[in-house]
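Visitor: Now for the letters of each chain:
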Amino acid sequence: MSKGIRDKVAILGMGCSRFGERWDMGAEELMVESFTEALGDAGIDRKQIEAAWLGSCMDEVNIGKSALPASMALRLNNIPVTRVENYCATGTEAFRGAVYAVASGACDIALAIGVEKLKDTGYGGLPGLDGGSLPPLWWPNLSAPGVFAQVASAYMSRYKVPRDVLKRALAEISAKSHANGAKNPKAHLRNAVSCDTIMASPMIAEPLGLFDCCGVSDGSAAAIVTTPEIAKSLGKHRDQMVTVKALQLALSNGSEGGYNDWDGSYIHTTRVAAQRAYAEAGIRKPRDEISMFEVHDCFSITELVTMEDLALSPDGGAIKDVMDGFYNADGKIPCQIDGGLKCFGHPIGASGIRMVYEMYLQLLGRAGERQLKNPRYGLTHNLGGFPHQNVVGISIVGRYQ
Amino acid sequence: MIGITSYGAYVPRLRLSRVAAAQANAWSNPGLMAQARGERAMANWDEDSLTMAVEAARDTLEGRASADISAVYFGSSTHPFADRQNAGVVAAALDLPESISSADLGGAQKAGTAALIAALDRVAAGRPGEALVVAAEHRRARPGSAQELQYGDAGAAFTVGSTAVIAEFLGSHSVSVDFVDHYRAAGQAFDYIWEERWLRDEAFQKWVPAAVTAALEQFGIAAGAVDHFVLAEPVAKLSALVAKRCGIADAAMSDSLLGVVGHAGAAHAPLMLASVLQKADAGQIIVLVGFGQGCDVLAFRTTAALAALPARTGVAGSLKRRREEKNYPKFLSFNETVALEKGLRGEANPQTALSAMYRNRRMLFGLVGGRCTKCGTAQFPAADICVNPSCHHQGPMQPYRFADEAAHIKTWSADWLTYTPDPPAHYGMVEFKRGGRFVADITDWDLGKVEVGQAVRMVFRVRGRDAQRGMVRYFWKAAPLAGAGEH
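Chains as they are written, first to last, in my numbering: chain A, 1001 to 1401; chain B, -7 to 479.
What the hints contain is simulated information worked out from the structure, not anything from laboratory work.
For glycine and all other residues, C-beta sits at the position ideal for the given N, C-alpha and C.
Don't take every hint at face value.
[Unchecked claim] Reference listing, derived: stretches of chain B covered by chain A, where coverage requires no fewer than 3 residues with Cβ under 8 Å from a Cβ of chain A:
| # | stretch |
| --- | --- |
| 1 | 346 to 352 |
| 2 | 378 to 384 |
| 3 | 421 to 432 |
[Stated by the list, open to error] Only part of the chain B face toward chain A is listed, based on derived beta-carbon distances under 8 Å:
| # | residue |
| --- | --- |
| 4 | Trp199 |
| 5 | Phe211 |
| 6 | Arg337 |
[Unchecked claim] Covered stretches of chain A, as calculated for chain B (at least 3 residues, CB under 8 Å):
| # | stretch |
| --- | --- |
| 7 | 1135 to 1148 |
| 8 | 1252 to 1264 |
Full structure from sequences and hints, please.
Guide: So, in structure tokens, the structure goes:
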């Protein structure tokens, strides 16, 4: 059994661009925005970065293929830069690359940067998802809301939840994120919205309406990582150091989509990755130990089932917790305190790092108006693909102990 | 004895209300209201002559093996491909062995009967196995025309052989006459049509009855002995004129199906024959006439084996499975006679990888997946390593066809965002009772009636059309079984 990543890597600095419809900027400028903040936060020179990982997803728009756009836009020092892509879990993948590089000892300081420039398509939502030569010949024309809405049909069927009860809980989830996002100056959507408005919004994919869907945003986020020892040598105090406690990735192997077992009401890989992450971080009772978390709320239904998949709510119990305000900013475990994908926005390649950014700010007491009291562990959950075949990245970060 | 050994039919579920269509155009042509009665069969956006041929053939092959099919003949004037064999795609969708002969017959409304004659001649020549005959038509007409009300979309199919014959072949007689009542030039979308009086007086009062009389003489059948006279008249009442001139009894006139299906072109005579076979008793004489620049006259005598055929949908079952459509603009859009706004998402149009299509042809056309030789798990698509998490056996799988397997909807959504010609796009996880599942398009749905657990039947449909490159992509979809909204 490996010893895992716990406390081997510290975050030296982070940055995040303002998310939104950044008609004024391309991906290159967005990367510079987050990178500049991260570099200033780390207090190092760019030449000290020895390797970098770029996360970007949609080559149809954005920056196309390869890591060159990052190397060039950031004027990196001819260092190794690798582009990674793993659907909407791309950001966490880039973070994992940098963290693993430092943990291996292959380099002292590494950069993870994620970026997505989505608003160059001319329409809302994401471009089509069916790449390759064979999938277009047999896959339906899947849209992201259409595939995640599948979970709602299965959840209602499994737990005998009436549609209006589910819709109401989903509205509470979105309303909570809007309330949180309103307090975040970098968020894409900064308006409080009532449950009535949410439930009356136009249908996108039954039973998900417009307000059940996250923002489609431009943005970038960056993290500079090193070892706790080097961080200390660079002047970071031990009590002002955030370290990686767990970093797990789980991918479907075809069983949910091809073997008659999974019932469609949950995300199998989230459960696998969560258990591995808790073990890696030494967390036994997540509902008691996790202080706050950012989940992949691409759609409200995804957030709902993720509460259960992370073992924070019991199976079938997420609706009750949501209605009780358990995950609200003033609840027991605040979720999406920065507004989440829903309101901070979802520039795909940046999202996983953006989640870590918020946990980092909270742990350092730098979250301003939305600062939580004395958080200990923050968890991020990044999900890419479809409920039946996907990539889940989970990280747990906390103060260095 | 040689003859027909099985039959089947397919009429699409949607039926356009002629009142709705006529009313939409009456401002321009008030005369259309005279035809505003009944309904016509209307292909869904994802149906064409080829998919309807497949459904009719599946109905024909219901309850019997298809391994002894040695030839497939596909008659139509609306084959989706001019140069890619349509019959070959039908054969692939039926997962027939590749060691068969196949041919498309077209170019006239008698292509359906021509295909039947070709099959009968093949069997008569002593070739081994049975021949499958399919005829289907997806007829497009200019918006606002009378033909739009008169035409219909449908398919019929037969197997022809020398054992277990249900309708013995008594002979055929053909004439070829370049009588042009309508035509459609190559590359043209619509027919060019002359007045009905020309058709009636010159063809149906003259050379058509002459050909029928000559045929009956050749077969040695007295006109009064005909039990079922099957003539696919292009417009109503013409076959009665022929029957009268030939001395065939009124009681022998078979249902024209024009009021409920419309005229299905080259498939219409086969469709009427399939309808007659579903009702006929043993020992009855059937005379079938296919019309179109001449005519084919065929005669059959039903046998006792007819009653022993397994139950099938046939024309009667297809007609019961219906949903009225009063939305005339939807009909135009489905037929691509008007181009509605598709939205920017509708622009996405990848090239079809012909190599990938060929490599995976049994998967894509035959809906053939695999069955693990170790744990027995059925899975789609087939793979080198078993999908069962407690097996993962590596090795070749047994081919396993899912097309006729019982299935139900496991998860679903109705998606208004993604592009489809018929929003909202319905798709979901379809699970097969005896193992296997995949995320599939759902077609022939009723809005608000799709639900988890609903039983579905897999159907071969158009997955998408690439207008830029002229490609039609086919795959299988899930159609809810006997959903609400059907009568």
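Visitor: Which constraints among the numbered hints does this structure fail? Numbers only, ascending.
Guide: The structure conflicts with hints 4, 5, although it agrees with all the remaining ones.
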